Amino acid sequence: MHDQLAQIGIQERELSISHEEPEHEEPEPSRASRLATRWRVLARDRAALAGLILLAVIALAAILAPLVSPYDPNAQTSAVRFARPGAGHLLGADEAGRDILSRLIWGGRVSLFTGVAPTLAAAVISLLLGLIAGYFGGVLDQITMRTLDIFFAFPIVLLAILFAGVLGAGLRNEVIVITVILIPYMTRVVRTATMSSREQEYVEAARAAGAADWQIVLHEVLPNVVSPLLVYAAVLCGLMILVAAGLSFFGLGPPPPSADWGQMVNTGKSVLFEAPHVAMIPSILIVAVALAFNFLGDGLRDLLDPHTLR
Amino acid sequence: MSTALIEARDLKKHYPLSGGLFSRSARQVRAVDGVSFSIEAGSTLALVGESGCGKSTTGRLLLRLIEPTSGEVLIDGHSLNEMAGRQLRRARRQMQIVFQDPFSSLNPRHSVGEIIAWPMRLHGLGNETAIRARVRELLKLVGLQPGHADRHPHQFSGGQRQRVGIARAIALESRFIVLDEPTSSLDVSVQAQILNLLQELKNQFGLTYLLISHNLGVVEYMANDIAVMYLGQIVEYGSAETIMSGPRHPYTHALLSAVLGPVTGERRKRLILHGDPPNPASPPPACRFHTRCPYVQDICRETPPPLEAADPGHLAACHFADQIPQYVSRGERNP
Amino acid sequence: MTLYILRRIAAAIPVLIGVSLIVFISLQLIPGDIARALLGPMASQDTVQRYRESLGLNQPVPIQYLTWLWHVLHGDLGRSFTENIPTTALLAAKLQNTLILVTASLLLAIPLGVLAGIVAATHKFSWSDRLGMGTTLVLGNMPTFVVGLGLIALFAVQIPLFPPLGMYDILGSGGIADLLRHLILPAVTTAIPPAAIIAKMVRGSMLEVLGQDYVRAARANGISMRTVNYRYALRNAMPPIITISGLQVGFLLGGAVFTEYIFAWPGIGLQLQKAILARDISVVQGAVLIIAAWFMLVNLVVDVINRMLDPRLRSPR
Amino acid sequence: MSGSEAAVGRAAASNGSSGEPLLSVRGLKTYFEVGAKRVLKAVDGVDLDVHRGEVVGIVGESGCGKSMTCWSILRMIDRPGRIVGGSIRFEEEELVTKSETEMARLRGSRIAMVFQNPMTSLNPAFTVRRQMLDMIATHDRVSEREATDRAIELLASVGLPDVKRLLNDYAHQLSGGMRQRVLIAMALSCNPSLLIADEPTTALDVTVQSQILELLEQIQQQRGLSILIVSHDIGVIAWLCHKVAVMYAGRVVEAGPVTAVTQSPAHPYTQALLASIPTPDTRGRPLSAIEGQPPDLSRLPKGCAFAPRCPVATERSWKAPPDLTVVAPGHTVRCVLYEGTP
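Residue numbers (our numbering), protein chains in the order written: chain A, 0 to 309; chain B, 686 to 1020; chain C, 6 to 322; chain D, 178 to 519.
Only chain A is shown next, with the shape it has when bound in the complex:
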C-alpha cells in the first residue's frame, strides 16, 4: 500500500479506540463473536471464499465418492467412447468409454491426498527443524542450512522425479517424495520467521522476566511462526497438487486403475486430436484447484494478521 495511506492508516488504527469515555467499560467480546469476526474477514475476501468453497466441494465429493459418483469410474462402455460433455455423461467419456466426471471424483481422493498429506507432514517436521535452527543458531543452524542448500541446488520438480523414479511408482512413495522435497522450503520459511521474531524486543522482555529458552520458543516465537507457515502451506498445497499431477503424468504416480487427475491428463494426451476434452477437463480442474489454494493462502494471510482482528 502507499506510504501516505500507511502513514494515516497506522494513525487510524491507533485512534480507533480513542473515543470512548474513560469510565465506561466495554463488554468483553466473547470467543464466539471473535470467531464471527474472523469469519467476516474471510467472507469479505471473495476470492479466498470462492477458493474455499471449491476445495470444500471437491473434498466432499472425493470423500463421498461412492455416493455421489454417477458411474463406476472404471466401467468401460465402448458405445460412449470419446463422448463429448452433455447429458448422460456430464463431462463426457474418455477413450475407453469411462465417465470422466466419475473418474475425476474418485481421482480427487488420490490427487488431493498427495497434495495435502505431504504438506502437513512436512510442515510438522519443518516447524521443529526451523525453530531449532533459527532460534539457537550457531553450528546447528549452519549444518541445517548447508544441508538444505544442497536440496535448493535441484529444481524442485527434478528432485521429485529423481526420488519417485528411484523409489518406484505408488501412492506411498509419492507421499514420501513430496514430503521430502517440501521440507527444505518450509524449513527455510520457519527459520526466517523464527529469526525475525527472535530479534524482537518482546523476546528480550521474556528473557528479562526469567523465561527459559524453551518457554520463549513456545510462548513468544511459535505463535509468530505458525501463521506464515500456514499461509505458505496453503500455497504449497496448490503447488504440490501440480507436482503430484506432474509425477502421475510422467507415469510415476499410483498405478492404474486408481486414476488420479495427472494420469487422466496423460491418457488423454494420446487422444488429444480426436477428443481434446479428455485431457483438457482434468487439466482445468488441476489448475483450478491450484488457484483455489493460492486464493486460500492469500485469504489466510489477511485472516491471521493480528491487525485484522478488531
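Straight-line distance between alpha carbons at most 25 Å, and here's what the computed BS3-like set of lysine-lysine pairs gives:
hint, chain 1, residue 1, chain 2, residue 2
1, C, Lys279, A, Lys268
2, D, Lys275, C, Lys129
3, D, Lys496, D, Lys479
So the derived label-pair ranges between C-beta atoms look like this:
hint, chain 1, residue 1, chain 2, residue 2, range
4, D, Gly222, A, Asp304, 33 to 41 Å
5, B, Ser869, D, Asp458, 20 to 28 Å
6, B, Glu799, D, Ser264, 47 to 55 Å
7, C, Ile10, B, Ser869, 40 to 48 Å
It should be emphasised that the hints constitute simulated quantities derived from the structure, not laboratory data. What you are looking at is a predicted structure, and each value in this text was computed from that prediction instead of being measured. No residue lacks a Cβ here, since even glycine has one placed at the ideal position from N, Cα and C.
Given the coordinates of chain A, assemble chains B, C and D onto it according to the supplied hints.
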C-alpha cells in the same frame, strides 16, 4: 556506597567485527568499554549519549540480557554474573525493562492480558484467578481500563502500548527498572503522560530507575544523577543539578547546546560540534572526543584522560575539566 | 571481485559434493538388490553376481561412492544398459537439444516477464494491471504439461499452425526454418509459467522500490516519472529481478523435462523419462547431475551479477 | 545577540515584508477515501502564508496533517488521497489547477524539498554526482561540465569537506549528517524561491541536529530564501522561524509571529503543548499532560476538534468549528474563547 542497589563494575562488551567476506580480522566494536557506576535504591540514574554510544548495550548488560566481555554487575552486593538457575531467576524478578519501541516490545499475537500475566505465571505468582485480578489491577494502575485485557497490542496507540509495557515491567513487583528511551517514539503530549506515570509509580513503589535517553530535557526532568556516554565510555558523571548547570566535559556542553528552549528557541549554551560521531568500530585514540572537540590540545591526542573528580561527586574525563566552565560561560558562538 | 568469485566457487564445492551424494544415495534407495532389480527376475543367480561385480556393488558403499565420483569427475557417467553406449556420450548428444530449447525459452520468458511486470507496476491498479496480474496468476499456476497440451490442442489441432511433435534430428535436413517451426510451441510452453512468475515478482519489487523515500524525493525535486520509473526504480529493483529470474531458470529446467516428453523433443528430459521407466540408473544419475550443476551455475552467475550491481559491496567504506 | 533578541529581530524583519505572499494557501483540504464510507480528513481547511525571505514553521503532533500540507503544496498526494478544495497560490500562480507536467517542472526548480529521513532519501544505487547532475539536468540545460562545477560549488557551500571525492561516493558511504547536507545541496541546486523542510532534523543525532539547523539558518540568510519547515519539536520552530502555525487534527488552530505564539499562546492546545514539555522549572512537579488521544480523522467532532481533550471547552465548542479570531496583529486563533473579541 552501601545503599547501592545496582552496581556496574568495569563493564565491557566487545563485539567481533566480521569484516565482510574478505577479511575475518581481529577488529572489534567496543560497544561498552569499561563502564562503572552505581545506583542507590530509590534514585534515578540517566545514561545520556547519542546513538551508538553504548548506552542501550549498558542497559542490557545490567540486566544480563547479554553477557559482558568482562566486568560484572552487582545487585544488592551480589554478582549477577555468577548466578545461575533458580538464584538467577529470583534475581530477574528484581529487575525489569521498558523498551523504546512500543511496537516490537509487545508480541502482536498475544492479548494485552496475556502479555502482562505471563511473567507472573513464569514465576508462579498465584493461581489463574489471582493473576487475572492482578492484571486488571495493573491495567488500572497504568491508566488503562481493566476491560482492555482482551485486546491486542495493535488496537492501542503508541502511548497506550507503552503503558502496557510499563504494566508488564511492574507486574513482578521488581525494584529496579531499566527505561530504554521510554518516550522517544512518542509525541510530546503523550510523553508528558508517560513521564508522569513513571514518576508516580516510582514514588508509590520506591522504584529505582536507569533511564537511557538522548533527550536532555527528559533526563533533567527525571534523573537524580547523570552519566554522559561517548563511544562506549562515561565521559562525565554527577548529580543532575551540577551537570546541567556546570558541565565539565565539552561533549556534555555540546549536548546541552542542542536542547532548544521551547519558548524562545534560545540555546542555553552555544557549542556546535563539527562532523558526526565517529564509528564505534574504530574510535579515535587517546581521548575519544578529540576529533570533534573545539578545545583540543596535543595532550588529548596522546593521553586518554582519566575519569576523575572535577568537584566532589562530579567526575569528568577531560584534561581541561577545570577550564570548561569558563568556556561555557563565555561561549556564545563557536570558539 | 575475482576474490569474491573464487570464494563463491569454493562455497559451491561442498554443495556440489552434497548434490552428487544425493544423486548417488538415491540409487541405494532402490528397494531390494539393485542388480537383481536391474536385470529382472529371469536372470540367473550367476549373471546377477557377475553384474554386481561389474558395477562394483560388492564394495562397501563409501568406496562405491568414491569410485563413482572419481569416474564422474573424469567425465565417465557409466554405461547406459538400455542403449548400451556410454552415458556421457548419450547425454552429450541430448544436451545440445535441451540447450536449444531452454535458451529459446529463456529468451522468451525473461524479457516477456520483466516487461509485463514493469508495465503492470507503472500502471498499478489500472485495468491493464488487473487483467495482466489475473492472467499471470492463472498462467503461473499452470503446470507445464497442461500449458503444452493446451497449446497443442489450440495451435496444432484446432488451428494447425505448428507441428505438435516430430523433432527428431535437430540439426538435420530441415534447416533452421524447420527447427524454428518445431521450436516455437515447446519454447512457448516452457516459457509461460516462469514468465508469469517473473512478471509477478518484477511488479512486486518495482512497486516496493517505487514506494521508497528516495523515489518520492526524486519526484518531489522534479525528476520526471519516466526517469523515476525506468532509471531509479528499475535500477534498484534489478537485484531481486535477477535473483528471481535465476530461480526461474531452475523452474524452467524442470518444466523442460515435461515439454520434451509432451513434444517428443529429443533432449535430456525425454531421455530422463525413458531412463526412469526403464530404471536405467546411470542415465538418471547423469541427467539429474547435469541439470543440477547447470542450475547451480546459473545461481552462481546471479550472485556475481548482483554483487557487481550492489554499490554497498562494490565500494565499502 | 541572545536567542530571544534574535527572535525579536527576525519577527521585525518579517513585518517589513509586504505585497502578495510568495505562497498563499487558503482553505486547503486534502482527504483520503479509505473505505466505502470513510473519509480521512488529513488536511481540513488550512490557511498559510509565506512571504519572501520568511521562515514559517508548522508545528503539531504526528498525524495532525503537517506533512500532508507540504505534500499537498507540491501536489504529491497519491490515491486514494485527493486535494478536494482550497487554493494554493505560489508566485502569483494557482497550483491546484496546474497540470502534472507543469507541476513537475516547478518541483525542484521553484519549490524544493528536504526530507525527514536522510538515510533513505538518497538513491542507494547512484553516486552523489549522478543524483546531483540528474537534478540539475532536469531543470536547466547546461553542459555536464557546468553542472559538475555547480554541484561542487553547492556541496562545498553546505559545509561538506573533500567535495571532489564525495561526488563519487554512494549514499551508504556517508553519515546521516552528510546525507542531509547533500540533500540540502540538491534542493538548492536550481535556486528555488521556496524550500520545504519536513522534519529535517528528526532522524539525526542530537549534536548533528544542531549543525543542520545552523546550516538552514545560514543558507536562509545568505540567499534570502523562504523556508516552510515542519517539526514536532517546538524548540526547533522557535529557534529558526519568524512565524508559526500550530496544527491539530488537520486544522491550523493558532498562527502568528513565533515570539507571540510561544510566549503568549492563545489556544488551549498550544498552551497545553508548551506546558507538556519538560523544562528545568517543571522538575519535581508533574507535567501538565494533555489527557486522552487525538481524534480519529474520519470521525471528527462537529465542533472544535480539540474539544474532547480541552480543559476549558464550552458548549459552544461542540456545536460548530470556531471562527478565526485575530488576537493581536498577525496573531490568529481558532477557539470559541476568543470569538467576538476584536
